[in-house]
Every structure is written in structure tokens, then in C-alpha cells.
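*Asks:* The lines below spell out each chain.
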Amino acid sequence: MLTVIVRRLLLAIPTMIALTALLFFSLTALLGSPAAMMLGQDASPEAVAAINARYGFDKPLPAQYLDWMVSAMQGEFGRSHTTQQSVASAILPCIPVTLELALLAIVLASFGAVISNTLPIGRGAGAPAVVTLNLIGITVPNFMLGISLIFVFSVWLGWLPTTGWAPWSEGIATHIAHMILPVLTLSAYYFGVFSIVYRAEYKDVEKRLFIQAARAKGLSRSRVAFRHAMPNAILPVITYMGLTMGQLTGGAVVTESVFSMPGTGRLLVSSIASHDFPVMLAIGMMIVIGVVLMNLLADIAYTFVNPQIRID
Amino acid sequence: MAMNRRRLAGLLLIALVIVCAIVADAIAPYDPMRSSVDILATPSAAHLFGTDELGRDVLSRLIHGARVSLVIGFGAALVGMLVGVPVGLMAGYFRGGVDVAAVMLIDLLVALPGLVLALVITVMIGPSLNHLAFVLGFVMWPGVARLTRGQVLAVREATFIEAARAAGGTSAWIIARHVWPNIMRVIAAQFAVSVSFAIFTSSSLSFLGLGIPPPTPDWGGMVRTGYDFLVLNPLMSLGPGAAVALTVMGFYLVGSSVE
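Listed in order, the protein sequences are those of chains A and U. Add 39 to a position in the first sequence, counting from 1, and you land on the number used in the numbering used here. Add 13 to a position in the second sequence, counting from 1, and you land on the number used in the numbering used here.
Chain A extracted, bound-state conformation (with noise of 0.2 Å):
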């Protein structure tokens, strides 16, 4: 196992140059020249010139990236154009909101999916409540289901507080109240597309011997269910969630900016909006390299679950 594990560490190290220098070149490509967008279009040539030399944006591309690597290694990610406020203290204290968010909604998804697709209710009588929740999950996109959360629960039914965000700090009810909305948003989706991929799973596994098996030998249905069809059902799911841990940095940034969350993904937005280059950069940096690693936590959380692959 241990091989498999340091072989993906291996792949992963190349996957994550190869996709930040995609990111800085087509992000510089594109730009056209920061200090022009910083500047404005009127800017003369020579203040241009000096913008340049003072960031370095003079240099040949590969250069700049490698500096760019340098000093992010050294914890150095520049200062915000806009603010003047180093890049780092500007993103710190935003991770942990988004962290927060996207783990409890990821975990919520994954029990909810597993749990209501094996109990044997959500597989017989209220088989077409769930099918019809994936679908919903699915399709309607975070800003919408947000919004109307916010209406049914906190306009309407004035259960829990409007939008905004409260910190740790305000209490811990109040802060989980301010939660339920935005994970309830963020996980939907994902909650539908494990179901999907579960359920589809789980009627493969529900065919096989064993299960019938453990049937004949009068278990009943849900410890049948959990014991024994859940364990051989759920490897897809464990893929999937780092499959889609590019799709929920998206959804992070809808559901942060639904619900005015003082997350990365809202940072995001306003960087792009005010053409900030070194935070649109740092946050596009941050992305890539978490959606790698997930994906490779994934693989390695795989082959835990998985016996057959810890052989070869």
C-alpha cells in the first residue's frame, strides 16, 4: 500500500506545476500587461515601465513564475493592488470560513446520500421522494436554492436569521445558525450526485451472492443494508468526492457570495471584479493546489477502504 500511496504523491507533484504554470501564463497571457490594467489605458509609457520593473513584470514569463513560486513558498504572496494590504493577511483569515463550509457541506452530502439510499425506506416507499431530491439537488443552482432557502426559512417562517455571517466568537448558536442555510445550499448538489452514483452502485452490489446470502440467513433488511451491501457500495462515492472538489470551490464562491460569507470565494469575486492580479492570482494558486490534493486524499483514502488495490 505504501508504494501506491508514494507513487500518487510522486504524480501529484507534477500535476500541480504543470496546472499553476497553466494558471500564471494564461492568467498573464490573457491579462494582457497588469500594469496596463492597473494603470488604466491611459497610462504613459513610462509610468508602464515603472510598474513593471517594480513587480517584476518585465521579466521573461517562466521567471516571473518561478519568483512567483519562490516567494509564495516563503509564505510572500505580494500586496493587493487595490488595497495596498499584503496578500496574505487578506486571504488568512477567509480560509477557515471557506474550509469550514465546504467540509460540512461535503460530509452532510455524503451521509445524507449513503444513509438515504440505504435505508430500505428510501429504497422502497420514498424511493421517489429521494430520486426527486437528487434531481433537485442537481439542477437548481446554488444562487437559486439559496435565495429561496432564505425566503421559506428566514423571510417566511422567520426561523433563522436573514443573511450575513456570525462568528465563532458571537457565540456558538448564533454561528450555526448562520450555517444551516449556507451548508444546506453548498451540499445539495453534491448530495444529489452521490446519490446517483451510489444508488447505481448499490444495485449491483445488491445483486450479488453474499447479499443473498446474508438474506437467506434471515438477517434483516437494514442490517443487511448497512452491514453488508453499504460497505461494497460506497467506493464511487469516496471517488467522487475528489472528483468534485474542482465543482465545489465553484459552489463555494455562489454560496458565499449568497449569503455575504467573508469567505475566500466572495474575495475571489471582488478580486476579479477591481482586476486585482496578485489576489485573483494567490486564491487561483490556492484552488488548484487544494483540488489536487483532494483528489489525491481521495485516491489514498481509496485504497484504505479498498483491500484489492493495496495488493499490487
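None of these hints come from the bench; they were simulated from the model. The reader is advised that the hints may include incorrect statements.
[What the hints assert, rightly or not] Label pairs and their computed distance ranges (CB to CB):
1) A:262 with U:32: 34 to 40 Å
2) A:110 with U:110: 34 to 40 Å
3) A:45 with U:110: 23 to 29 Å
Heads up, the beta-carbon is just placed ideally off N, CA and C, and yes, glycines get one too.
Here the structure of chain A is known, so what remains is to put chain U in place on it, guided by the hints.
*Replies:* Structure of chain U alone, referenced to chain A:
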């Protein structure tokens, strides 16, 4: 049976949106661009969905929004297909170096977050209808190529392909005459799924204020402005939001009913 019901529901939804887009001028009660002094009116007999912050009729804008969504959806899906299908066909049919290179590129690109990528590129090259369709198509092609390649791999070892090769058929002829007809159904389904993804993503971009610029009647943008007046007139945001959701659902239902 259940599959057919799903496809039927999807086709009905798609038909509804297409009809709205075609006869928008005839059925919309007002000009979607004309503002009036009657701003932020709540729903009434004169304005079924109320009016927006510039006094424009929300229902009329909603009906006209179908055009924008369909143009982006079909445009982007077409771009994604035009790039993805040939790449997938080549990689799957010829294997070897072409395949290795294509798979490496696809694996690399599918890991990238589609919405974030579209967000960044669209803003860089300037948001417009055509740009959005191209960017979303560009984001989608690796997925299309991967699917096509998988389908080609599944049929290329079949006996009838071997027979066609033995009969001296050229590669182009075999692909066009024997491979393509066997994978066409799946590709068509993927086209529908791509349309739904493109509408989903472009409306999300517009909601973030980074998609189609105003005053074009666009559902995502309408939800964005309507959201500020959610308490005053929920239909102003939930109306166009429901339109996006139902359109995406229609294309998704049709696309996912083929396995």
C-alpha cells in the same frame, strides 16, 4: 418506463423554453427594455410579476431571458462538442501517442474548477454573449473528449470494426460509417447535459455580476437585482431563478435518460 417519463418531462420543459424564446415578442406583455416611472411595483393584474428597480416589467424580461439562456446553452455546448468529440474520436481510435497526450491533457484540465475558470477568463476577455459561449465551451470540452474516447474504446474492438478494417476501409471511413453511428446516441445525450451545464454556469456568473452585462434580460442577472428586494417582491428573484432551474432540469432530464 420511468426513464421515458423523465425524458418526456424534460422534453416538455425544453419545448416550453424554446417556444418562449421564439414568440417572446408576441407573448411578452411589455417591452423588456423599456423602463417606466412605476418602479418596484408588487405583482398586480397589470404586472403579474411586478416591475424591477427601473420600472421594467419582470414577466416580460423573464420571457425574453429564455433567448439569452438558449443562445449561451446551445452555443457553448456546440463549441465543447466541436473540440471535444474530434479529440475523443482520434484518441480512442488511433490510441498510441495521440491517446497518451490527449488523456494527459484531459486529466489535467478536468481537475480545474469549471466555474472559477470561466469566471476568470470571462472577465479577462470581457463578458459578452459570444465570449461566454466560447469560454464555457472551452471549459466543457475535456469532459466531452473523455466521454467520447471511452465510447470509442468500447466499440473499436468489435468484430464489425475488425471486418471493416479487413475489407480495406480507411480510418476516416470506419470512424464515419461504423464508429460514429454507434456512439451518436451517447454524444447527443452529452450535448443536452452540456447545454444544462452551460446555462447553470452562465447564470451563476451573471448572478455574481460577472456574466452578461445589463441591460440584456438575463435570468442570473435578474435574480441578482431581485435578491435585494426579496421581502418586497419575492417573484422578482424567485421567478427568473425558477426559470433557470426548470430549464437546466429539462436539458438534464433529457440528457440523463440515455445511458
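*Asks:* Give a verdict on every hint.
*Replies:* Each hint, compared with the structure:
1. Separation of residue 262 (chain A) from residue 32 (chain U) is about 52 Å and departs from the stated range, judged on CB atoms against 34 to 40 Å.
2. For the pair residue 110 (chain A) and residue 110 (chain U), the supplied restraint of 34 to 40 Å holds, since their beta-carbon distance comes to about 38 Å.
3. Between residue 45 (chain A) and residue 110 (chain U) the beta carbons are some 27 Å apart, a value that agrees with the proposed interval 23 to 29 Å.
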